[in-house]
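Letter by letter, the chains look like this.
Protein chains: 2
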Amino acid sequence: MANKQEFWGQKTYCLITGASKGIGRNFAIEFSRKFASNSLIVLLARSEEGLLETKNLISKANPKVKIVIHPIDLGKPDPELFLKVIQSSLENTGVKPTDFELSIIVHNVGSVGDVSEGTFKMSNVTKWQDYFTLNVFSVACLNSQFLKVFPEGSCKRRTVINVTSLAAVKPLKSMGYYCSGKAARQMFFKVLAEENPTLDVLNYSPGPVDTDMVAEVVSNTEDAEIKEMFVNLKESKNILTVDQTTKRIIDLLESGKYENGQRVDYYDE
Amino acid sequence: MANKQEFWGQKTYCLITGASKGIGRNFAIEFSRKFASNSLIVLLARSEEGLLETKNLISKANPKVKIVIHPIDLGKPDPELFLKVIQSSLENTGVKPTDFELSIIVHNVGSVGDVSEGTFKMSNVTKWQDYFTLNVFSVACLNSQFLKVFPEGSCKRRTVINVTSLAAVKPLKSMGYYCSGKAARQMFFKVLAEENPTLDVLNYSPGPVDTDMVAEVVSNTEDAEIKEMFVNLKESKNILTVDQTTKRIIDLLESGKYENGQRVDYYDE
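Taken in order, these protein sequences are the chains called A and B.
Mind the numbering: the first sequence is residues 1 to 269 in UniProt numbering, read in order.
Mind the numbering: the second sequence is residues 1 to 269 in UniProt numbering, read in order.
Some clues are possibly wrong.
Identical chains share a label here; the pair holds if one copy fits it or two copies do between them.
To be verified - DMTMM-like mimics (lysine to aspartate or glutamate), calculated; alpha carbons at most 25 Å apart, straight line:
id	residue 1	residue 2
1	Lys-127	Asp-73
2	Lys-121	Asp-73
3	Lys-64	Glu-152
4	Lys-76	Glu-49
5	Lys-66	Glu-53
6	Lys-76	Asp-265
7	Lys-76	Asp-114
8	Lys-234	Asp-268
9	Lys-76	Asp-243
10	Lys-121	Glu-152
11	Lys-148	Glu-235
12	Lys-234	Asp-73
13	Lys-96	Asp-114
14	Lys-76	Glu-48
15	Lys-55	Asp-243
16	Lys-257	Asp-223
17	Lys-170	Glu-6
18	Lys-148	Glu-222
19	Lys-76	Asp-223
Bear in mind the hints are in silico, worked out from the structure with no lab data behind them.
Chain A with its partners taken away, still in its complex shape (with noise of 0.2 Å):
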């Protein structure tokens, strides 16, 4: 890829899923904190609370960044609605798509599903509509969305990041939704490389995050092994930081030592 040494300090256009907590805020904290003046950074989530809160710190971090926020349930996604968001975030600020020289999308939002029930058990079709509409449809229709408002040729580089886990590609008992909704999303965005090697796309799996879906698998697991495995990940200490993970992804974007599409862990090489 040309100009991956000129990725961080450029004019940016970042909107960031899930920015209300965890692993999105931290990118969106630190991203910032890499981003030219008048960049613009945009932070999605259910709660306005969480995202006021991501909004002071990147405020500390770069005052010199423009913060669009904007409450939202990404688990009832409407293409209108998304589009209308992402052209109201350049509208509001007085920006055009053309004005950067680098955008980037982040799809952090995620959940884990329902880790109480065994594969074997799950016949609600509604629950795996729920599950399948929040961790991929919705990013899939947030994405094309985005890419209509930032088509090819808008800014230099247009750079598309889906937070991706080990359950893409390892089975973990009772994660059924988790690991099949982990799998299509990153087969999904690997199409989305194929199709336009105009765009950037990185799939990264974090690692094993200290973050609340850990918590919430080890509190909710109906699965003895995966919640001695995760307790295990915490007492050791092995567990990472999201500042550890975040200063991974930041250094891999700086290299840009990635194939398009790729799926790049945390501990790969």
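Position chain B against the provided structure of chain A, taking the given hints into account.
Chain B alone, transformed into the frame defined by chain A:
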């Protein structure tokens, strides 16, 4: 896995979806040929006409096998209806789950999805939901009802076969629904295998077989390369026949040379 050498020739209960044509029909006919007398094969698909034709062909291949057909739209999954379909297939032929040595479910049903739009246009959530409901959620739902009727200990061996695809592991342009759906479905069955060591789960990828699906892709794909790939496959005669891929899976099941949940492709050694 114990007793793999005895796979064929047992008294078998076998349910196959998408059995009205193509790979599903051929699996049904050739599997039946291998079953012991008084085995029961249950054929599901939308087309009653297609199912009747499959039934006729099975009768000729092995007159000693009982055949139940049930026209059904698997795109509208209903756990209670699925349970009733399986239970009534037993009741109406006067048998119980424990009468069988082997029970098999073959998840063959599948659609290719809309190949006329690229992933960057895939913003219609209803279209996503419909695609995944048929290709993933309905499959999981039917599988769970099958395992309810055939719980652990109900017969000597329980085999779950998922018809997967190259598309589950390789992104193919214009095939965003198909690739992400196959990836999700294959992962679901890997989690099932992980959770249930007493089940025998096989993700079988039939290779490029000359079916209606290939014709559909050739007619409708928006991608010239993908079209050419399939056209060349057909013209070069490198495309497989349903007989070839059926022979491959029959041999594979007989040899038992796969790990539980493993993906095996036609071309794998």
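Against the structure, the hints:
1. Lys-127 to Asp-73: Classified as both: same-chain Cα gap 17 Å, cross-chain 20 Å, threshold 25 Å.
2. Lys-121 to Asp-73: The answer is between: 21 Å across copies meets 25 Å, while 28 Å in one copy does not.
3. Lys-64 to Glu-152: Answer is neither; intra-copy 27 Å and inter-copy 63 Å both fail.
4. Lys-76 to Glu-49: within (20 Å within a copy, 40 Å between copies)
5. Lys-66 to Glu-53: within (15 Å within a copy, 66 Å between copies)
6. Lys-76 to Asp-265: Cα proximity of Lys-76 and Asp-265: none, with 29 Å in one copy and 37 Å across.
7. Lys-76 to Asp-114: Classified as both; 18 Å inside a copy, 22 Å across copies.
8. Lys-234 to Asp-268: Answer is within: at 21 Å inside a copy they meet the 25 Å cutoff, but 39 Å across does not.
9. Lys-76 to Asp-243: The answer is neither: 30 Å in one copy and 45 Å across copies each exceed 25 Å.
10. Lys-121 to Glu-152: between (45 Å within a copy, 14 Å between copies)
11. Lys-148 to Glu-235: For Lys-148 and Glu-235, neither the intra-copy (46 Å) nor the inter-copy (38 Å) Cα distance is at most 25 Å.
12. Lys-234 to Asp-73: neither (30 Å within a copy, 47 Å between copies)
13. Lys-96 to Asp-114: Classified as neither; 41 Å inside a copy, 33 Å across copies.
14. Lys-76 to Glu-48: within (17 Å within a copy, 37 Å between copies)
15. Lys-55 to Asp-243: within (17 Å within a copy, 61 Å between copies)
16. Lys-257 to Asp-223: This pair counts as neither: shortest intra-copy Cα distance 37 Å, inter-copy 28 Å.
17. Lys-170 to Glu-6: neither (34 Å within a copy, 31 Å between copies)
18. Lys-148 to Glu-222: Only across copies: Lys-148 and Glu-222 sit 18 Å apart there, 42 Å inside one copy, limit 25 Å.
19. Lys-76 to Asp-223: For Lys-76 and Asp-223, neither the intra-copy (30 Å) nor the inter-copy (31 Å) Cα distance is at most 25 Å.
Checked against the numbered hints given earlier, this structure breaks hints 3, 6, 9, 11, 12, 13, 16, 17, 19; the rest are met.
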